[in-house]
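Going down the list, the sequences are from chains U and W. Going letter by letter, the first sequence gives residues 13 to 399 in the numbering used here. Going letter by letter, the second sequence gives residues 13 to 399 in the numbering used here.
Don't take each hint at face value.
Note: identical chains are not told apart, hence a pair may lie in one copy or across any two.
20 Å max Cα-Cα, derived EDC-like pairs, lysine to aspartate or glutamate [to be verified]:
no.: 1; residue 1: K335; residue 2: D115
no.: 2; residue 1: K234; residue 2: E281
no.: 3; residue 1: K253; residue 2: E330
no.: 4; residue 1: K236; residue 2: E118
no.: 5; residue 1: K151; residue 2: D115
no.: 6; residue 1: K60; residue 2: E387
no.: 7; residue 1: K246; residue 2: D115
no.: 8; residue 1: K108; residue 2: D243
no.: 9; residue 1: K60; residue 2: E274
no.: 10; residue 1: K334; residue 2: E387
no.: 11; residue 1: K334; residue 2: E276
no.: 12; residue 1: K335; residue 2: E363
no.: 13; residue 1: K308; residue 2: D345
no.: 14; residue 1: K108; residue 2: E255
no.: 15; residue 1: K24; residue 2: E54
no.: 16; residue 1: K236; residue 2: E149
no.: 17; residue 1: K397; residue 2: E274
no.: 18; residue 1: K24; residue 2: E304
no.: 19; residue 1: K227; residue 2: E333
no.: 20; residue 1: K73; residue 2: D198
no.: 21; residue 1: K382; residue 2: E149
no.: 22; residue 1: K227; residue 2: E387
no.: 23; residue 1: K234; residue 2: D115
no.: 24; residue 1: K60; residue 2: E330
no.: 25; residue 1: K334; residue 2: E54
no.: 26; residue 1: K173; residue 2: D364
Keep in mind the hints are simulated off the structure, nothing from the lab.
Number of protein chains: 2
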Amino acid sequence: MTVSESTFLTAKPILLAPGPVQLHPEVQKILSLPMIHHRTPEFDGIFKTVLKNLKYLFQTKNDVYIQTSTGSGGMECVLVNVLNPGDHVLAVVSGKFGERWADMAETFGAIVHRLNCPWGHAVQITDVIAALKAHPEVKIVLTQACETSTATTHPIQELGKLLSTTNVLFLVDGITATGAFPTPMDEWHIDGLVAGSQKAVMLPTGLSFVSFSQKAWPHILKNKMPRFYFDIRKEQLANQKGESFFSAPVPLIRSLDFVLKEIENISLEKHFKIIHSRAEYTRLMSPHLHLELFSKSPSDSVTAYLLPPNFEGAKFREHLEKKYALTVMGGQDQLKGKVIRLGHMGFISREDLHQTSLRIASGLNDFGFKLNLDEINSISQNLLKSY
Amino acid sequence: MTVSESTFLTAKPILLAPGPVQLHPEVQKILSLPMIHHRTPEFDGIFKTVLKNLKYLFQTKNDVYIQTSTGSGGMECVLVNVLNPGDHVLAVVSGKFGERWADMAETFGAIVHRLNCPWGHAVQITDVIAALKAHPEVKIVLTQACETSTATTHPIQELGKLLSTTNVLFLVDGITATGAFPTPMDEWHIDGLVAGSQKAVMLPTGLSFVSFSQKAWPHILKNKMPRFYFDIRKEQLANQKGESFFSAPVPLIRSLDFVLKEIENISLEKHFKIIHSRAEYTRLMSPHLHLELFSKSPSDSVTAYLLPPNFEGAKFREHLEKKYALTVMGGQDQLKGKVIRLGHMGFISREDLHQTSLRIASGLNDFGFKLNLDEINSISQNLLKSY
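Bound-form chain U, shown alone:
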């Protein structure tokens, strides 16, 4: 029986997006537990443990706070707690989420200097130095650790080092990064870091996590920005009493408790390695699928395959979904229809990776490619041996 005949007979749906991601079976169970109240001794115990273990994920001695929001809510939280209306901000813009953070800062009264990078490229340190020289009044630098829309990482360690000797605050969107690859907050001198639940901690959407450096706190305390829901001072006071300020989403926090313990059990290092090896596999499959990598600085959390010119990318993505039960993401904004993006976070088996390659290859053939599926099958299996 050839691959094409056999493989898709019992196609189980696969979700390989850069969030939300496939859930751990244990998380699925925890999500369905009977409700408990968030003002009970049972929940208090879980909450305290989660707050402690988030520090391990963030690789920080600072407190980490939980918000009930999407990642963008977390970005707003990090921003409005340190930004004073009228502050000058340097925003690295290399994709949709860089745009979003720059827009957000502008909305809240910042004077924003955009450092535009070609999509798919990492920002150059020399360009940042030049921009800071040109705008010495800049108080805050914004960047993504991974720009999700282009599957590209920026040199966070180098940027942190550069800014650590200045008064500039370094705010990092680690939503598709923190927990997927190293963003050690303290060691890399990050002043504000945000992560999201539907990414490396493989939960549903609904929580964001934020933390601030000692350098950032005086700004938080004296800052005049009006803020209430995202006011981290309220949450800090409540957390000190072992509580959340607002109602806490119990099923997500209980699941987070499980996942953080899992990550601690296998160690963050090993957890990073697992995600890295999925990314490596995906990158190594690229030539065999005749799809180039879009990013010049590819992330371990998500990979973008560049589709050929004049390829009907949006239809292709829908086709993968409908015929092969494979959900990957398309491109956004200027990349619409031009790439497909595969996430490497969440509960992903070796077979999921293998199936994904086969389903993409089959889909490409449906769109006129002439890939040899049996060959791809054996290449993929060989690569996964060392996985």
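Please arrange chain W on chain U, whose structure you already have, making use of the hints.
Chain W in isolation, oriented as in the chain U frame:
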């Protein structure tokens, strides 16, 4: 076998808080389903249905929007979309959540006139009229439909009627109200209404729902308040394309879809009746438990029993939790230790109600009351016959 010997042998945990509430078993199942992405045709279909059915819940022709936040995030959303910094606001303050909304308005630059009511009392229309006369510059009135902290309802219909003939916008916190008892947005001239997921729609915490009247929309469009995460204009544009602007929390939206259909199937009227009958039962048990009702305008969504003077209320609540696996809420702020609050929303069986009375009675006896449990048992059973 007497009640005291028999009843607690197999005590199943009961959660009767004014949110979060006990989940429908079907919701528990839906929460545990494998993840799907929120940018897929399958999710798009669910999202569209949910947006339609939320209008039924809100009893409005206006669009209803979903935010990933707690109820307080929804309160901020309603507020910042219509409030211009510097606007005069009249805030009905009759408990913790009235305080919160007034504080929030002040935080965002409003000049807030607090109309303080004694806790447990409904606001008097005449007092509102007098306050509006004293402050003719008021542009917005804020009130709770139900002040959760005191289990008290305010006369929303009358207030809406009063304000409908003026230019003043009427914003209503329906978090512990909408879906539990009538707050027909259009008929009662409500200009901004917010509801929360962990209340009458019996989901976990994590979603808030907001809607605005036609009278409110011009304010939303011209308002200068900086807003991003809670900017309803973004969400409106995305919803018109059948999408959410930010990532959507898939398990909650899928569960919401189920619950809204359930409510439509039995009808909102019947749904209200069920919740009302639980509240009625709880109120009728009050004299038999020797606990007065705290509120002079008791809500159908939550009941507060007043504890005797010098009663160790906080310990009593803990005792109910530990010995009887019964979670009810205590009092907040000035009511701390002075009341227990029982929610009437969520998936509650007749047996849950009966058990709650018995467990409270037993707990009271542990704290020195001399209630006859067998008598309470038969009174409760009689009341529940007509339930």
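Tested hints:
no.	hint	result
1	K335 <-> D115	neither (38 Å within a copy, 53 Å between copies)
2	K234 <-> E281	neither (37 Å within a copy, 51 Å between copies)
3	K253 <-> E330	between (49 Å within a copy, 17 Å between copies)
4	K236 <-> E118	both (16 Å within a copy, 13 Å between copies)
5	K151 <-> D115	within (17 Å within a copy, 29 Å between copies)
6	K60 <-> E387	neither (51 Å within a copy, 43 Å between copies)
7	K246 <-> D115	between (26 Å within a copy, 13 Å between copies)
8	K108 <-> D243	between (25 Å within a copy, 18 Å between copies)
9	K60 <-> E274	within (17 Å within a copy, 36 Å between copies)
10	K334 <-> E387	neither (24 Å within a copy, 63 Å between copies)
11	K334 <-> E276	neither (37 Å within a copy, 31 Å between copies)
12	K335 <-> E363	within (18 Å within a copy, 48 Å between copies)
13	K308 <-> D345	within (19 Å within a copy, 56 Å between copies)
14	K108 <-> E255	between (35 Å within a copy, 17 Å between copies)
15	K24 <-> E54	between (37 Å within a copy, 16 Å between copies)
16	K236 <-> E149	within (18 Å within a copy, 26 Å between copies)
17	K397 <-> E274	neither (24 Å within a copy, 49 Å between copies)
18	K24 <-> E304	neither (27 Å within a copy, 58 Å between copies)
19	K227 <-> E333	neither (46 Å within a copy, 43 Å between copies)
20	K73 <-> D198	within (7 Å within a copy, 51 Å between copies)
21	K382 <-> E149	neither (56 Å within a copy, 73 Å between copies)
22	K227 <-> E387	neither (55 Å within a copy, 65 Å between copies)
23	K234 <-> D115	between (23 Å within a copy, 19 Å between copies)
24	K60 <-> E330	between (43 Å within a copy, 19 Å between copies)
25	K334 <-> E54	between (43 Å within a copy, 10 Å between copies)
26	K173 <-> D364	neither (38 Å within a copy, 59 Å between copies)
Going down the numbered hints, you'll see the structure goes against 1, 2, 6, 10, 11, 17, 18, 19, 21, 22 and 26, while the others check out.
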